[in-house]
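Letter by letter, the chains look like this.
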Amino acid sequence: MTAPALRVAGDSHVGKVRRTNEDSLLVEPRLGLYAVLDGMGGAKAGEVASRMARDTIRDFVAARRGALPPRQLLEQAIAAGGTAVHRAAKASREHHGMGTTAVACLVTEGKRAVIGHVGDSRAYLLRGGRLQALTRDHTIVEELVARGLLAPEEVARHPHKNVLSRNLGARSETRVDLLELEIQVGDRLLLCSDGLYGYAATEAIQYLLGSGDAPDHVCRDLIELALRGGGGDNVSTVVIEAPGQAPTSTQVVRTNGAAAWWQKRQRFLAIAKERGLTRNPIVRGLDPKEALELVALSLCEAVFHDLERSTGVNVWTFTQHLAGGWFERGGDWASIRGVIDILGASARGVVDEVRAAEPQLGILLDVAVSRALVVAELALGGLLSDRLRQVDTDMIELASQRDTLQSIPEFSEVPEVTESRDTSERFVDRPTIPFLRPDRPVTGAGISAEVLDGVHKALTIARARTNPRAELIKQVLVALDAIASEGSESFGTAVLSARELYGVRAIDDAGVMPLFDALDQARILTTASVHQIQVPEGTRARVLRAISTAHQRLVGAMTGLVLEAVAPFSDRLREAQAATGKLRDQLARAERRCADLERRFATVADDDGHLWGAQGDTEP
Amino acid sequence: MTGAGADMVEAVRVLRDEVLDTVQHGDREPPGAEVFDAVLRALAVGGDTVPGLDLTLHDAVARRLAWGDGEEVVLADAESVFDRLLIAVERAFRDPADQMVVAEAATLVAVTVARVVAHAAVARASRDRAARLREEMAQRQLQEALEQQQVTIALLEDEQKRDY
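In the order they appear, the protein sequences are chains S and W.
Under the numbering used here, the first sequence has 665 at position 595, and the numbering climbs by one with no breaks.
Under the numbering used here, the second sequence has 219 at position 99, and the numbering climbs by one with no breaks.
Any given hint could turn out to be false.
Simulated pairs of lysine to any residue, SDA-like, Cα-Cα distance not exceeding 20 Å [as the list claims (entries may be wrong)]: (1) S:K114 to W:A265; (2) S:K544 to S:Y572; (3) S:K652 to W:Q261; (4) S:K652 to W:A258; (5) S:K343 to S:S405; (6) S:K652 to W:E267; (7) S:K114 to S:R89; (8) S:K652 to W:Q268; (9) S:K652 to W:A251; (10) S:K544 to S:V605; (11) S:K652 to S:R663; (12) S:K181 to S:L249; (13) S:K160 to W:A265; (14) W:K281 to S:D666; (15) S:K359 to S:V383; (16) S:K181 to S:A79; (17) S:K160 to S:M110; (18) S:K652 to W:L266; (19) S:K181 to S:Q333; (20) W:K281 to S:A660; (21) S:K86 to S:N537; (22) S:K114 to S:V84; (23) S:K652 to W:K281; (24) W:K281 to S:R670; (25) S:K343 to S:L249; (26) S:K160 to S:A240; (27) S:K544 to S:H228; (28) S:K544 to S:G581; (29) W:K281 to S:A415; (30) S:K652 to W:Q259; (31) W:K281 to S:R663; (32) W:K281 to S:A665; (33) W:K281 to S:E668; (34) S:K652 to W:E256; (35) S:K652 to W:D278; (36) S:K86 to W:D141.
If you are wondering where the hints come from, they were derived from the structure by calculation, not from laboratory data.
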């Protein structure tokens, strides 16, 4: 068996939190064998387990290749690795309970690949610009989903989502999942540990893998990506590339896509003009040509440069400058929204024309330009979020200044500003929403550097253990970090964080309860993570106390916001009840008036001298 | 969180007066007693449970709300118990591991109380919304009746003017 000519590279990094690297790599082009293993267990047992399994797999394949078909060869090799780890764990008390995950790829003649895996290390395939996962994690929740016992949307909230259902070493015999595929020209295979996908968005992995750079550069970039995302776990990657003439989608966009876009810049300006860009208040005072060049052409250039380099930094900067400058001048939201909408529509118009002429290129350009527009929206959202945060800070600062002034005798006579709505019923005597309590400081008390460091480490580990798609839980963890850093009296930070988390929600169970689910998941994660940091026991207790207090503050502030949000419902009900009462009174008056008139008729005699109502239909 | 055992529960139970400030509030149902009891139950049971599974705590909070305590008051009591408990435990327990067990239980209960209160508030908002709809329907019917009465009054007044 000779392995086909492939370009392969592997790299591993200890990460930013762990002290030892328990991952192991296997890159054996001579055997066509590649693997990533992620060890687990106390002390250095994880390291021992992953190395032992790696060596056993390599030796098994080297000894039996040719004697067994590739599928059985890889399956038995991985199983042998598991058996070796299991025996060692049983033999030594020091290594008791150790284990490892494994994802391995055996490339055979004819460019066929067999992929085997156990645990939550993954294999991905990038083909035609699209990234697909080849493996399914062996975790308890994934098994439950596969058996139909758990809905996929519940995975992110499940308390055992990180618990492995299978690993090498837990049992003497291990079931290995296998997959075979034909490697095509231009394919890229990625083997990685959870330290990569736990810290990096799938889109970012796809982008780097499809960048067209050499595999060793890609490995290095992927690790850098995970480190920038927090680096809370060991991270290992192996990239296997079948080089060929077919350019990657990223390369196509960088060259043909960018060129096609730039050739259409006059069309872009024309559409922008048609859609009324020159009439927008943002460009008031400029002549139309100048307005188009300053706004539309600048965005067109930014998109072009971003397409060339596969980044979003130019569009981001453009949007930040445009919207930031407008807001600083006191501009309104509708105008900037209008400009971005016009530019987005112009971009889509250009892409449609490219797509009509060259469908394949058009599809790729569509994706790339859509991404640029999303970046613009994100930049806009970031600015709005900053403005909201500033307003909140100013409000808290003003409330604090007011309380300080009122505590000084000569200012105590200043009449307090009262709300038009009567709040005495809602906030009886112990209001909960922190910024409404004048006795509470809004700035933090001290927290020791040692505890602060422990808090950061624990929360970093917790973030590493969070499902990458569980955005709400991640936000809660970030908020806890900020609140805990401020100390136990950091109510201001808790309120700001709660406001950010709360965002805009429906006032019902479906809208509100996910917040509390996320808070509870974060509690479970942080508690487990505190036990993993390496600090003296006394410090660990203080770290847990700091995080618990932060958690309580965040939960309190969040519930306070919910109470604020539901208060108008009671107010509106009271108003409606008052209006109904008023109508009832009016109706009663009208009925009395009516009866009165009818009574008068009853006293009027008709032409024959009979009184009205004498027949008994109206009372006299 | 692991099961803390009877000793731990008893050790925390002796802090009741201090945590609930019974000197100030009296021994009979001091504010936040339901939260303290929930912490004891969490310590006795141990282990992570499904959020809000403590039905006794649900019941106790619901009863307080039904008796007229505001949601803010219930929440403030829970916060006060949480703070006082952590302070008392740090002083009373020398072993950091014991302190951590209590802190974990207290956080679990704090999240559960918040969830129960938020749930009650959202349910109240739904009821208020439904009641407002009923009020608006009643208003429409009243408005129609009022308009009819006004027409009748106008007719009667006209007739009366003609007759006189």
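Checked hints:
Annotation: proposed proximity of K114 of chain S to A265 of chain W is violated, straight-line Cα distance about 84 Å (limit 20 Å). For the given pair, K544 of chain S sits about 14 Å from Y572 of chain S by alpha-carbon distance, which is consistent with the 20 Å threshold. Between the alpha carbons of K652 of chain S and Q261 of chain W the distance comes to roughly 13 Å, so the proposed pair stays at or under 20 Å and holds. Restraint check for K652 of chain S and A258 of chain W: satisfied, since their Cα atoms lie roughly 12 Å apart, inside the 20 Å limit.
Taken as a hint, the K343 of chain S and S405 of chain S pair is honoured in the structure, with Cα atoms around 15 Å apart against an allowance of 20 Å. Under the criterion of a C-alpha separation no larger than 20 Å, the hint pairing K652 of chain S with E267 of chain W is consistent with the structure, at around 15 Å. About 10 Å separates the Cα atoms of K114 of chain S and R89 of chain S, which keeps this hinted pair within 20 Å; it holds. Restraint check for K652 of chain S and Q268 of chain W: satisfied, since their Cα atoms lie roughly 17 Å apart, inside the 20 Å limit.
Of the supplied pair hints, the one linking K652 of chain S and A251 of chain W holds, its CA atoms being roughly 17 Å apart against a limit of 20 Å. For a cut-off of 20 Å, the pair hint linking K544 of chain S to V605 of chain S is broken: about 24 Å separates their Cα positions. Straight-line distance between C-alpha atoms of K652 of chain S and R663 of chain S comes to about 17 Å, which keeps the hinted pair within the 20 Å bound. Restraint check: the Cα-Cα separation between K181 of chain S and L249 of chain S comes to about 14 Å, which is no more than 20 Å; the hinted pair holds.
For the hint linking K160 of chain S to A265 of chain W, the alpha-carbon distance of about 87 Å lies beyond 20 Å, and the restraint is violated. A distance of roughly 15 Å separates the Cα atoms of K281 of chain W and D666 of chain S; the hinted pair therefore holds under the 20 Å criterion. In summary, the hint linking K359 of chain S to V383 of chain S is not supported, as the alpha carbons are separated by about 26 Å, beyond the 20 Å threshold. Of the pairs offered as hints, the one joining K181 of chain S and A79 of chain S holds, with about 17 Å between alpha carbons and a cut-off of 20 Å not exceeded.
Among the hinted pairs, K160 of chain S with M110 of chain S is consistent with the structure: their alpha-carbon atoms are about 15 Å apart, no more than 20 Å. Taken as a hint, the K652 of chain S and L266 of chain W pair is honoured in the structure, with Cα atoms around 12 Å apart against an allowance of 20 Å. Between the alpha carbons of K181 of chain S and Q333 of chain S the distance comes to roughly 40 Å, so the proposed pair goes past 20 Å and is violated. Between K281 of chain W and A660 of chain S the CA atoms are separated by roughly 19 Å; this keeps the pair inside 20 Å, and the hint holds.
At roughly 19 Å between alpha-carbon atoms, K86 of chain S and N537 of chain S fall within 20 Å of each other, so this suggested pair holds. Our distance criterion of 20 Å between C-alpha atoms is met by K114 of chain S and V84 of chain S, whose separation comes to about 13 Å. Pair hint K652 of chain S plus K281 of chain W does not hold up; C-alpha atoms about 30 Å apart against a cutoff of 20 Å. A hinted pair counts as satisfied when its Cα atoms are at most 20 Å apart, and K281 of chain W with R670 of chain S qualifies at roughly 12 Å.
For the given pair, K343 of chain S sits about 54 Å from L249 of chain S by alpha-carbon distance, which is inconsistent with the 20 Å threshold. A C-alpha spacing of about 10 Å is found between K160 of chain S and A240 of chain S, which places the hinted pair at or below 20 Å, so the restraint holds. Between the alpha carbons of K544 of chain S and H228 of chain S the distance comes to roughly 14 Å, so the proposed pair stays at or under 20 Å and holds. Note on K544 of chain S and G581 of chain S: the hinted pairing holds, with a Cα-Cα distance of about 18 Å set against a maximum of 20 Å.
Distance restraint check for K281 of chain W and A415 of chain S: the Cα-Cα separation of roughly 69 Å exceeds the 20 Å cut-off, and the hinted pair is therefore not satisfied. Between the alpha carbons of K652 of chain S and Q259 of chain W the distance comes to roughly 10 Å, so the proposed pair stays at or under 20 Å and holds. Straight-line distance between C-alpha atoms of K281 of chain W and R663 of chain S comes to about 16 Å, which keeps the hinted pair within the 20 Å bound. For the given pair, K281 of chain W sits about 17 Å from A665 of chain S by alpha-carbon distance, which is consistent with the 20 Å threshold.
As the CA atoms of K281 of chain W and E668 of chain S are separated by approximately 13 Å, the hinted pair is consistent with the 20 Å bound. For the given pair, K652 of chain S sits about 13 Å from E256 of chain W by alpha-carbon distance, which is consistent with the 20 Å threshold. Annotation: proposed proximity of K652 of chain S to D278 of chain W is violated, straight-line Cα distance about 27 Å (limit 20 Å). Under the criterion of a C-alpha separation no larger than 20 Å, the hint pairing K86 of chain S with D141 of chain W is inconsistent with the structure, at around 45 Å.
Violated hints, listed in ascending order, are 1, 10, 13, 15, 19, 23, 25, 29, 35 and 36; each of the other numbered hints is respected by the structure.
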